[in-house]
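Engineer: So the sequences go chain by chain: A and B.
The working numbering numbers the first residue of the first sequence as 1 and each following residue consecutively.
The working numbering numbers the first residue of the second sequence as 1001 and each following residue consecutively.
Since the hints were derived computationally from the structure, they do not count as laboratory data.
Take the hints with a grain of salt, since some may be wrong.
[Claimed, not checked] With a straight-line Cα cutoff of 30 Å, these simulated DSSO-like cross-link-like pairs (lysine-lysine) come out: (1) A:Lys204 - A:Lys238; (2) A:Lys123 - B:Lys1117; (3) B:Lys1018 - A:Lys156; (4) A:Lys129 - B:Lys1018; (5) A:Lys104 - A:Lys238; (6) A:Lys107 - B:Lys1018; (7) A:Lys129 - A:Lys115; (8) A:Lys238 - A:Lys18; (9) B:Lys1117 - A:Lys104; (10) A:Lys3 - B:Lys1117; (11) B:Lys1117 - A:Lys110; (12) B:Lys1213 - A:Lys18.
Note that the structure is predicted; figures quoted are calculated from it, not measured.
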Amino acid sequence: MIKIRNVNKWFGDLHVLKDISLNVALGEVLVVCGPSGSGKSTLIRCINRLEQIQEGELIVDNLNVHDRNINLTQLRAEIGFVFQQFNLYPHMTALGNVTLAPIKVRKMKKIEAEKLGRETMQKVGLGDKVDSYPAQLSGGQQQRVAIARGLCMRPKIMLFDEPTSALDPEMINEVLEVMVNLAKEGMTMIVVTHEMGFAREVAKRILFMDEGQIVETAPPNEFFTNPKHKRTQLFLSKILSH
Amino acid sequence: MLLLYITRLIDVFPLFLKGLWMTIAVSFLSLITATILGFLAGICRSSRNMPLRRAIGVYVNLIRGTPFLVQVFTIFFILPEFGIHLEPFPAAIIAMTIMGSAFICEIVAAGIEAVPKGQREAAISTGLSRNQQIRYVILPQAMRTILPPLVGQYVLLVKDSSIVSVIGVMDLTRVGWLTVQRIPEGMLVFGLVGIMYFAVCYPLIRLATRLEKRMSVEEYSL
């Protein structure tokens, strides 16, 4: 589904992605973790071309993402993206948020899009909040609307960039629950997160990044019980110590 | 003597109304064209097209860095040297449009800049085209920042319209000039002129203040 070959990226002089190679299969859930500044957010932002890469090849669903002639609209319509800060449109209701792209990009009729929007809002447990504005919703609810906004495009892939990091602790679970369900339905997902409980439950593999490199990739069991690399061990001891 | 002047002023009052009407016409027409042009320029100024951004930057700085009176003279007296003759009225509209659009461009560009980056990224991620991003996501939010100074700019536009009287547009200021030559009571004549300008501008000033207050307290909710 996603093939990443020898990808390099620089921000000015800063080498943020160093020779990254990675495959993600259809239906796979990949969790990416690592210290801040390790390049994990940048990596998934390259996948829907919010960021450009300078070297290497990135293929999503047989589309070469960094090809000059690529149809970006088509690419991005297939990839849902959930941000740390939700980034809901504050001037629209929840329903307006989730139906905008289906109507404007997928060219759905408004009635159809709203039907889909209501169903999807139901799915993330917010069937009664369709007419609320983002400012009237809690952080957890906003993030679930953001997930619904991605899902309404019926994407083949969902990318999550630290979806629970901006949330109060008591709201993290409602968001993770939605993501767990999504994983169980067979959605292809890449999730940048430090929620190791989530990783253990649904990830097929966990990828650990540090200083722009992939340090280690392993299934959850192996990753938590027998991390091979020193840096992974150090990182795990830090985040699992309490 | 003063009484005589006042009765004579009342006699020429219809002329003042005509002048007022002309001031409103010039201001209103150029307000519309300047707004359209200013928004287009402002949106382009925040685009990724570097040559276009630079070109608009030069235009804006050039207009903001020269007196409006000089711009009016340039259009009315210098263009004919190149074979372009304009009547005072269209020349006035053109000058006001050029001047107004440069200021509105900056207001619009600043408003667009003020919309958080994440908003555009969210719109990009769902596949919206650049135009759709601007139209459905960026501009509606930018309008909160844009509206108060935009209305303020309209007030300036109305007041600056007095300058086009120098090229013969029969606006309020010019009516004042002509009248004062027959009724040598400047205080009275220009007092009246001032009051009439104020009558047009004051509602706009109030509107700008109200918008500013509303925009600063308004959360996006019902």
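Engineer: Taking the hints in turn, state whether each one holds.
Structural biologist: Now for the hints, and whether the structure bears them out:
1. A:Lys204 - A:Lys238: holds, 23 Å
2. A:Lys123 - B:Lys1117: Given that 30 Å is the threshold and the Cα spacing comes to 29 Å, the pair holds.
3. B:Lys1018 - A:Lys156: Violated. B:Lys1018 to A:Lys156 sits at ~67 Å, over the 30 Å cutoff.
4. A:Lys129 - B:Lys1018: violated, 56 Å
5. A:Lys104 - A:Lys238: It is violated: about 45 Å lies between the C-alpha atoms, which goes past 30 Å.
6. A:Lys107 - B:Lys1018: Not OK: A:Lys107 and B:Lys1018 at ~52 Å, beyond 30 Å, violated.
7. A:Lys129 - A:Lys115: holds, 14 Å
8. A:Lys238 - A:Lys18: holds, 24 Å
9. B:Lys1117 - A:Lys104: holds, 21 Å
10. A:Lys3 - B:Lys1117: holds, 28 Å
11. B:Lys1117 - A:Lys110: The hint holds at about 28 Å.
12. B:Lys1213 - A:Lys18: Violated - the C-alpha atoms of A:Lys18 and B:Lys1213 are around 50 Å apart, more than 30 Å.
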